[in-house]
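Engineer: This is what each chain is made of:
2 protein chains.
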Amino acid sequence: MAYNLAPLQNLIEHFERMQGIGHKTAQRMAFYILGLTEDEAKDFASAITDAHTKIKQCKVCCDLADDELCPICKDEKRDRSVICVVEDPRDVYAIERTHEYKGVYHVLHGAISPMDNIGPDNIRIKELIARLGDGVCQEVIMATNPTVEGEATAMYISRLLKPMGITVSRLAYGVPVGADLEYADEVTLSRALEGRSLI
Amino acid sequence: MAYNLAPLQNLIEHFERMQGIGHKTAQRMAFYILGLTEDEAKDFASAITDAHTKIKQCKVCCDLADDELCPICKDEKRDRSVICVVEDPRDVYAIERTHEYKGVYHVLHGAISPMDNIGPDNIRIKELIARLGDGVCQEVIMATNPTVEGEATAMYISRLLKPMGITVSRLAYGVPVGADLEYADEVTLSRALEGRSLI
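If you're matching them up, the sequences are chains S and R in order. Sequential numbering from 347 applies to the first sequence in the numbering used here. Sequential numbering from 347 applies to the second sequence in the numbering used here.
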């Protein structure tokens with residue numbers, strides 16, 4: 347049933363448009379907003395417009411940035427000889443959480459997917475090729491998703507970069523740490539067998 | 347890990363403050379906002395401030411309203427001789443969805459709960475007593491939640507109203523339609539037995 351108060355119904359519909367948010371959750375969120383003080387509601391609204399207007403793409407790596415360059419590209423301590431290529435800004439944060447990687451990134455903003463009409467020109471491949479021109483980068487790590495689209499994108503980019511004399515590597519496939527082997531799918535398991543190492 | 351872009355991190359934190367929204371969901375929501383067009387983001391932000399500024403409490407029943415009175419209190423076809431007392435505006439919509447009830451409502455905005463320091467003066471009981479003064483209402487249906495607090499509130503109000511010569515009733519307890527008896531808890535089942543009717 348639609349709410350008979352237009353401003354409330356409108357707010358619920360805005361929340362419902364978010365992926366993974368059902369009607370009940372959207373409703374609960376709208377009531378949460380109604381329960382805020384006026385200042386809190388204003389803060390929330392300006393957090394939305396602020397994030398939207400202040401966050402741009404980094405000129406170098408296409409990651410999210412609140413300036414010309416993102417914090418990682420600004421950081422002089424990062425190793426520019428290695429570029430890790432990911433599909434999405436969230437993947438950058440996932441890798442940063444490991445605290446293991448000291449190189450820089452390149453965010454494609456998608457993967458090649460002919461089914462969805464996304465070709466090489468629709469993602470930031472041109473920008474990647476352009477930044478490799480200076481000869482600083484020695485290795486590109488393909489960290490696209492372990493999906494058909496991510497694989498295809500990694501292969502496509504790898505074929506472009508190899509003739510430029512750049513080492514191209516791919517994240518290892520295998521069983522996730524802490525998971526139960528019993529529940530691993532066949533493809534993952536066979537990749538884990540292939541990639542086995544001596545202990 | 348906190349995002350190193352203040353406007354993004356701020357937006358994520360706003361979403362995270364909502365009950366039932368974890369970090370991952372808040373993050374996905376913030377990225378959803380970044381993916382909107384500028385106009386869509388502005389619309390979203392004004393939906394929040396609009397809902398907050400335009401929605402008030404109905405002067406009569408304390409339900410949500412975008413005017414002096416809520417749509418139900420404005421409706422001349424509703425039967426003013428029966429008032430259904432609920433804890434929350436969402437409960438009004440739940441009952442409205444049945445299309446069975448033709449009376450009016452009173453929204454308490456909570457239930458008596460000494461554990462949470464909510465006494466009779468902290469919910470809209472005074473307002474209920476005040477509107478009963480005109481003698482139009484003959485029956486009050488207590489539709490507070492079937493919880494300890496809801497029960498206590500129903501009992502408290504019932505004791506106030508009975509001396510005024512008003513019939514006070516309570517929603518029936520029993521097994522939910524369509525549920526499996528096997529999974530019904532003991533308290534619900536014993537209430538369902540108590541309230542059994544001839545067929």
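There may be inaccurate statements among the hints.
The list cannot tell twin chains apart, which means a pair is met if one copy fits it or any two copies do.
[Unchecked claim] The calculated BS3-like cross-link candidates involving lysine-lysine, where the alpha carbons are at most 25 Å apart (straight line), are:
#1 K472 <-> K370
#2 K400 <-> K370
#3 K402 <-> K388
#4 K448 <-> K420
#5 K420 <-> K400
#6 K472 <-> K402
#7 K370 <-> K402
To be clear, the hints were calculated from the coordinates, so they are not data collected in a lab. Keep in mind the model is a prediction, meaning the values are calculated, not measured.
Engineer: Confirm or reject each hint.
Structural biologist: Taking the hints in turn, this is what the structure says about them:
1. K472 <-> K370: neither (43 Å within a copy, 31 Å between copies)
2. K400 <-> K370: The answer is between: 22 Å across copies meets 25 Å, while 31 Å in one copy does not.
3. K402 <-> K388: Both: 23 Å inside a copy, 16 Å across copies.
4. K448 <-> K420: Within one copy only: 13 Å inside, 65 Å across.
5. K420 <-> K400: within (17 Å within a copy, 44 Å between copies)
6. K472 <-> K402: within (18 Å within a copy, 53 Å between copies)
7. K370 <-> K402: Between copies, since 22 Å is at most 25 Å while 33 Å is not.
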